[in-house]
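First to last, the sequence lines map onto chains A and B.
The first sequence begins at 0 in numbering that gives the first Met the number 0 and counts up by one.
The second sequence begins at 0 in numbering that gives the first Met the number 0 and counts up by one.
Errors might be hidden in some of the hints.
Copies of the same chain are indistinguishable here, so a pair counts whether it falls within one copy or spans any two.
Derived EDC-like pairs: lysine to aspartate or glutamate, alpha-carbon spacing no greater than 16 Å straight-line [stated by the list, open to error]: (1) LYS174 x ASP155; (2) LYS172 x ASP155; (3) LYS172 x ASP76.
Hints in this document: simulated from the structure, not taken from any laboratory.
2 protein chains.
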Amino acid sequence: METMPISKAFTLVEPGPVVLVTTNSGKKSNIMTISWTMVIDFTPRFAITTGPWNHSFAALVKSKECVIAIPTIDLLDTAVGVGTCSGADTDKFAKFGLTPVKGKHVRPPLIKECLANMECKVIDLVEQHNIVVLEGIAAYFDNSRKEKRTIHAIGDGTFVVDGRRFNRREMMKAKIPEGC
Amino acid sequence: METMPISKAFTLVEPGPVVLVTTNSGKKSNIMTISWTMVIDFTPRFAITTGPWNHSFAALVKSKECVIAIPTIDLLDTAVGVGTCSGADTDKFAKFGLTPVKGKHVRPPLIKECLANMECKVIDLVEQHNIVVLEGIAAYFDNSRKEKRTIHAIGDGTFVVDGRRFNRREMMKAKIPEGC
Chain A
0 METMPISKAF TLVEPGPVVL VTTNSGKKSN IMTISWTMVI DFTPRFAITT
50 GPWNHSFAAL VKSKECVIAI PTIDLLDTAV GVGTCSGADT DKFAKFGLTP
100 VKGKHVRPPL IKECLANMEC KVIDLVEQHN IVVLEGIAAY FDNSRKEKRT
150 IHAIGDGTFV VDGRRFNRRE MMKAKIPEGC
Chain B
0 METMPISKAF TLVEPGPVVL VTTNSGKKSN IMTISWTMVI DFTPRFAITT
50 GPWNHSFAAL VKSKECVIAI PTIDLLDTAV GVGTCSGADT DKFAKFGLTP
100 VKGKHVRPPL IKECLANMEC KVIDLVEQHN IVVLEGIAAY FDNSRKEKRT
150 IHAIGDGTFV VDGRRFNRRE MMKAKIPEGC
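Just chain A, same shape as in the assembly:
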């Protein structure tokens, strides 16, 4: 995994992929699958929706740290599997053959098998709406990986994989943030 400029890290979340979020309770690391994410600033800042119904939530709020990892379509069953069991009784890294990699800034691990990883700090909790606000502080991208297509959850148990890419940089040039 190579370091990715933090100015580009919002592009990992902007297209709306399913993400894996790692947390560390102080005793152990866990992973949750989340589809409810949103960029809120290029700096980058993100909102994710989660709450006490997720076992990871307590560790996220207590430690104020997480890693957002981006799985690709070859990891679809892993992402669904991670999202349908609980860290309360499962070591998800072991169960799904995922490799935790130590980050530089936060205790929750990166996931080696993912296309990209971003170390994040929790900077706010909007309790009324179950929104957790994150700031990305370091990002990594695995350029050596052949499969780069991410996954989008529909929400009804079906998923769509990335198709063809279209370039509209010329039309959008006034709107593209610097460094992108």
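Keeping the supplied structure of chain A fixed, place chain B upon it in accordance with the hints.
Quick look at chain B alone, frame taken from chain A:
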């Protein structure tokens, strides 16, 4: 456009497509292109990130109403065009050949050319993070449309279209909300 059960309406936003958001200032309707959206509840509730830098924001906050319309890949240049000019000096419906259709519950119009439309009420504004919280109250889907592939913005001026769909309903059955 046929009515879509409101219990399924979150599935329009969950995969993270680029959306068009219509507003009405009392005098005229406008459209903005938004990629920063998130489901926050199945009921459905949504968060979108916007602020005073968007001409539509004043009408959105004042009227507390909008329509989320879902464009497909054949409308890519329309979505980019709508997002790169301002309602301050442009009638975007006229400029982009989009047809406003009267909704049942809110004053901002549906967009006839889109795959789906959802009438929404603004239920909260989290000013600190520029997050507007919406409740979807009625949804419509154009089943007669052949092109159903939506668009995902990367954020750097490129876009990805939906590819193949994968079914994991069996694996996820405990997690799929009723009516989906």
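Going down the list of hints, with the structure as the test:
For the identical chains of this complex, LYS174 and ASP155 are inter-copy neighbours only, at 9 Å across copies versus 34 Å inside a copy, given an alpha-carbon limit of 16 Å. For the homomeric pair LYS172 and ASP155, the shortest alpha-carbon distance between copies (9 Å) is at most 16 Å, but the shortest distance inside one copy (36 Å) is not. In this assembly of identical chains, LYS172 and ASP76 lie within 16 Å of each other by CA distance solely across copies; the values are 14 Å between and 38 Å within a copy.
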